[in-house]
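K.L.:
Protein sequences appear in the order of chains R and W.
The first sequence begins at 1 in my numbering and counts up one residue at a time.
The second sequence begins at 1 in my numbering and counts up one residue at a time.
Just to be clear, a hint being listed does not mean it is correct.
Label-pair ranges, simulated between beta-carbon atoms [unchecked claim]: (1) W:67 with R:412: 23 to 33 Å; (2) R:205 with W:51: 50 to 60 Å; (3) W:17 with R:426: 12 to 22 Å; (4) R:432 with W:74: 25 to 35 Å; (5) W:136 with R:412: 52 to 62 Å.
Derived coverage of chain R by chain W (criterion: at least 3 residues anywhere in the stretch with Cβ under 8 Å from a Cβ of chain W; other residues may be distant) [said to hold, decoys possible]: (6) 82-89; (7) 96-103.
Under the rule of at most 25 Å between Cα atoms (straight-line distance), these lysine-lysine pairs were calculated in the DSS-like manner [said to hold, decoys possible]: (8) W:113 with R:232; (9) R:51 with W:3; (10) W:32 with W:3; (11) W:3 with R:450; (12) R:233 with W:113.
Rather than coming from a laboratory, the hints here were simulated on the basis of the structure.
Heads up, the beta-carbon is just placed ideally off N, CA and C, and yes, glycines get one too.
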Amino acid sequence: MKYTRLAIDNPHDLTFGLAPRPLTTRSGMVIGGGTVYPELNFTLPSLHICKETLPEVCGHYREIISGALTRASELDAPGVVIEFETLPPMTEFPEWGLEIVKILLDGMAKEAAATGLKSVLRVTPNDNREFERPPLMRRGRYWDNMLKLFEDSAAAGAELLSIESVGGKELHDDALVNGNLPASLFSLCILGARDMEFLWTNLNGIAKRHGVVCAGDTACGFGNTAMVLAEKKMIPRVFASVVRAVSAVRSLVAYECGAVGPGKDCGYENPILKAITGFPMAMEGKTAACAHMSPMGNLAAATCDTWSNESVQNIKLLGGMAPTCYMEQLIYDCRLMNCARGEGPASARHLQRWMVQSDAYLDPQAFILSPEAAVELARAIVACPTPYLAGVAVARRAIALLREGHAAKKVRIAAREIGWLDLMEQSLDELPSDENAFIEEQLALADRTKFLPQEYGLPAYS
Amino acid sequence: MTKLQELSALVEKGKRNDVKALTQVLVSEGVKPLVIVEQGLVPGMAAIGEKFKSNEVFVPEMLVAARAMKEAMIVLEPLLALAGIKPKHTAVIGTVQGDLHDIGKNLVVMMLKGANFGIIDLGTNVSPGKFVDAIKGGGIDIVALSALLTTTMPAMRDAVAALRAPDLPPVKIMVGGAPITHEFAREIGADGYSADAASAVDLAVSLTAGAAGW
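Next up, chain R with everything else stripped away, as it sits in the complex:
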């Protein structure tokens, strides 16, 4: 593990708008430098994406960027982050994705020329590798086309490179629905960590070639899937919370390989990563209700440096097109945070306390992502030499925090979930301390039809 100490070890310093290692963009935005910026993400309404519909697709993106940036200028936003998260065909055919990148950059340049609005584009190609089953993680047309879109987007001027990578997901979904913590650890800390290292080393090469930055990854397909399953009462919230803590180990690898933030918005594990790395982080919460439910709509903002809406369809609302309306909501949320920050540390701390206290008691996951808990979890991770041991350690710490919080009536845990804390702890107790032994054990249990060990640098047969 590259990080052996925390960049932020005092929870009071783990706060919104301030990061020890801020990022300055080409347009002069300083992310993590004292100002929280809105970060807008959007998607298409129900529409088949193909060559024939590409003009219509592009029309949507022109409409989105024009409307949203006009609203941002009207509301005197200090700057905006625009995230273009592609849909699968836009990565499969990178020329389509690139066309949209250019449309967005053009819209941003026009608004800057007209009103002086600062902006930066984050491009997040969809990770299509899992379209192949079992996935080829390091080769093949999905890998090649994904990297081509990164490369071409960076060359065109997309300054922040991100992805919701899927390495390990082919086994993790089963781990979640079976409530299997060791299998989750294998997916996140063995497969996921190895894939992240391979992927982000490549992305860092692209970023360096074009003078842009690797921003960060997210355990969306892991931690957020768990969170949503828990919200649907399919798996216990405490299990989803522990998976979230473990997911930070996987997401951390991007920073070990050169990413500098802002971390990807749907990485709810980002407070832990901010404490470790000191890099700025995007977060999403109540303003992402358009995309999915979360149990920490306010708390998520407590440590954010950009504040996002996750994704909203380009559909008409009374107030305008939905992305435009969400831009407005994000700007007002940011204004409030920036106003508190402007009044000084005491006011910022006060607002942060309300953000945390309004959510933390009500949900285990919110509780473990509060600044106090996030620093504790971060500390457990950096104390370990390998991702596997860090995963086990942070899982243990998360369980302990939940037990302590429940006993102190700081977090509400449903009675039927308490036994799951014991089950998870017991499963951790039974794990070997040796990583190779763990890998052997899990390879013997894993559904080998779903993944190729060699795609993760593991022996094909064992």
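Dock chain W against chain R, hints included.
P.N.:
The following block gives chain W in isolation, referenced to the frame of chain R:
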């Protein structure tokens, strides 16, 4: 408690080894395999399904029960086949083209199996043509389609249209997934919509019984 009731209770608790052992006892005592399925195993899965619906258990507990039932089916399937008995109903299921999400679909598969449906799982990213191929030979009662992206909803529409071709055997089509609504399901010509895996089974059962899905 009869032995069949005991079997149901063991399935519900997910006691895999006990379920297998009791199934073997019942077979050796001459109880017909279909009776064991319909009066022992299916009620056990139905009971755990009801507990799930009322938020008393989570999916992992249901999967434990499903694995217990599977152990019994390993004993029973050869006997059922020997007697020429097939599941009363068969469903084809898949996530539509362009979409890789399959957690919801897999849960529906598990619950339909628990209700003794025969299942043909086509996986994810399934083209309309693959769905059509799966029903061409007949014997399919239900086709269940899943989509989780707004941009793959058109693929669901295409699949339904393909399955409605006049030269194909008639099937009931049910749809689901986060962006799918009753309105959309009706619009594309599906026979029913379910919001979650648990209600998908109820829908499948009612559709095969001839009820309307709306």
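K.L.:
Against this structure, judge whether each hint is valid.
P.N.:
Results for each hint:
1. W:67 with R:412: 23 to 33 Å: Holds - the Cβ-Cβ distance for residue 67 of chain W and residue 412 of chain R, about 32 Å, lies within 23 to 33 Å.
2. R:205 with W:51: 50 to 60 Å: holds, 52 Å
3. W:17 with R:426: 12 to 22 Å: holds, 20 Å
4. R:432 with W:74: 25 to 35 Å: holds, 31 Å
5. W:136 with R:412: 52 to 62 Å: For residue 136 of chain W and residue 412 of chain R the Cβ distance comes to about 53 Å; the hint holds.
6. 82-89: This one holds; 3 residues, not fewer than the three required, reach chain W with a Cβ under 8 Å.
7. 96-103: It is violated: at least three residues are needed, and the segment 96-103 of chain R offers just 0 whose Cβ sits closer than 8 Å to chain W.
8. W:113 with R:232: Status holds; Cα separation ~22 Å.
9. R:51 with W:3: violated, 62 Å
10. W:32 with W:3: Distance ~13 Å between residue 32 of chain W and residue 3 of chain W Cα, so the pair holds.
11. W:3 with R:450: violated, 38 Å
12. R:233 with W:113: The given pair, whose Cα atoms are some 21 Å apart, holds under the 25 Å limit.
Hints 7, 9, 11 from the list above are not met by this structure, while the remaining hints are.
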